[in-house]
Amino acid sequence: MSSFLRMIAALLLLGPFAVAAWLAVTAPDGAITSVNIQKALQQGGLLRALATSAAVAAAVALLQVTALAPVAWWLARSPGRMAAGLRIALWAAILLPMEAAFVPLFEITAKLGLYNSLFGVVLPQAAAAFQVFFLESAFRAVPRSLLEAAHLDGLGEAEIFRQIAVPLARPALASAAVLGFLGAYGSFLWPLVVLRDADLHTVPVALAQLTGQFSADLRALAAGALLAVIPSTILYLLAQSSVRAGIGQGAVKG
Amino acid sequence: MERSRGGLGRFAFVGPTLVLLIAFNLFPLLYNVVLSFTNAELVGDGWKWIGGRNYERVFTDARFGAAVRRTAWFVFCAVGLELGIGFATALALQAFTRVRAVLVTALLIPMMLSPAVMGLFWNLILNGNHGITNQTLDALSLPQPQWLTDREWKLFSVILIDVWMWTPFLMLISMAGLAAIPKTLYEAAEVDRASRWTVFRRVTLPLVAPYLGLAVLLRFTDALKQFDLVMATQGPNDTSTQTLSTLLYQVTFRDGKVGLGSAYACVILVLVIALATVFTRYLETIQRRTA
Chain P
1 MSSFLRMIAA LLLLGPFAVA AWLAVTAPDG AITSVNIQKA LQQGGLLRAL
51 ATSAAVAAAV ALLQVTALAP VAWWLARSPG RMAAGLRIAL WAAILLPMEA
101 AFVPLFEITA KLGLYNSLFG VVLPQAAAAF QVFFLESAFR AVPRSLLEAA
151 HLDGLGEAEI FRQIAVPLAR PALASAAVLG FLGAYGSFLW PLVVLRDADL
201 HTVPVALAQL TGQFSADLRA LAAGALLAVI PSTILYLLAQ SSVRAGIGQG
251 AVKG
Chain H
1001 MERSRGGLGR FAFVGPTLVL LIAFNLFPLL YNVVLSFTNA ELVGDGWKWI
1051 GGRNYERVFT DARFGAAVRR TAWFVFCAVG LELGIGFATA LALQAFTRVR
1101 AVLVTALLIP MMLSPAVMGL FWNLILNGNH GITNQTLDAL SLPQPQWLTD
1151 REWKLFSVIL IDVWMWTPFL MLISMAGLAA IPKTLYEAAE VDRASRWTVF
1201 RRVTLPLVAP YLGLAVLLRF TDALKQFDLV MATQGPNDTS TQTLSTLLYQ
1251 VTFRDGKVGL GSAYACVILV LVIALATVFT RYLETIQRRT A
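For the record, the sequence lines run as chains P and H.
Numbering follows the numbering used here, in which position 236 of the first sequence is assigned residue number 236; successive positions increment by one, without gaps.
Just add 1000 to the spot in the second sequence (first one is 1) and you have the numbering used here.
Just so you know, the hints here were simulated from the structure itself, not pulled from any lab data.
Backbone N, C-alpha and C fix where the C-beta goes; we use that ideal spot for every residue, glycine too.
Worth double-checking, as some hints may not be accurate.
As the list claims (entries may be wrong) - Residues on chain P that point at chain H, a partial pick, calculated with CB under 8 Å:
hint	residue
1	Leu23
2	Trp74
3	Leu95
4	Pro97
5	Val103
6	Gly156
7	Leu207
8	Leu221
9	Thr233
My request is simple: use the sequences and hints to build the entire structure.
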């Protein structure tokens, strides 16, 4: 009975992927073929998009954990009014529908000369407010006594951060990086708004173009969609323990 | 330990990041409020103050009322089903400890992938003529609804995809909550010969409630902003699936009315904050009760 239940669950959850895989490798008459995959790779420029997306997502994830960690540390340590103000602003930013921020974000990006550049895709995504809270909860878990000992030893706030807090919070930082990567890899609308040249397109954008191109060719589309999710699925499978820890922590500590 | 009062003080090394955060989070927020009182448009620069006229238009726009009702319905159905199915599966899986790890890994895959691409996957399945669903129904000589084009089915299809993506999240959090319940409580209940229903109602449910509440809060605020799935399957201007977020997108980017779009954004933001606050308060009372 339990194995039956498990099969149903797996089928329901993975069914769409199985359907896409079956469409991707078959011809309309049912014969096995690689034509669809070739079509998606060549006509859709999907190969380049895959590389672009991976680079963008890696940059976003790296920036998120390196640049946001100090602020998260400060929020975790300082109960002052400035910290409270920042916290409210960040919450509001999280709750604002993303599309609403696009006009202002676009203006900043354009002012910085980053329109139609991958840096323009990376920077606003790197400043993700939710990651600040995630990292803050990680830093709050660092034992007080250690920090006080370090303080007594005469270490400054920056040294305590670098030498004690960061090494201790490393698993959480890894979770944040993986989740940040997956989020940026999958983001669709912002890259679509910022990038003009087709050779800069990220995977979801390239795929959307493909949808227009191949609207009648469901099999090529299936091949494209499948190729698009392979890298993120592999990363997720490799890093799943830290992903799961991250989801648990985010949910339990808010 | 001494603490800096209010200012940055010893935390000066935070400065550069703070600038980044403010530029990309606080500024868009404030700029949106400013724009909502102007007649700014996407093309052409220069705008005038027009007072509260955008807000007047928001509240008299028939599309807005419809989008509010539709979004509420979407959130209610999607989050309700995700909670119900997720919690039920977590309970059912409690008995099986062995294979759970593999299953959990598989279940989380949809959540980790791009919603825009997930919408595409489901297009392949639900496509009226070539989709596998209707081919199967055809083979069984059953009626074949046009899942993605029939007015009656469109919203249902979007809800279905959302439920498919996010039920595992609710399940995972439920499992964490169930695992955190001390075994001794169940043993005590057994000694007292409490019925299974009583144990569920008096022990399991109240102790899992804070976990479920938090998970629902996260899903709730997210579902209120539902955009990607609707965009991927229907586009922003479809009259039977237009949510608040896609309406906002339509007004700002397709109609090019940035001022009006900003007013929509502010109204939506106030709505989301109000609902999230009420919900958080409610959650705190639950937590206090169990603590």
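Hint check, failures only: Violated hints: none at all, because every hint is consistent with the structure.
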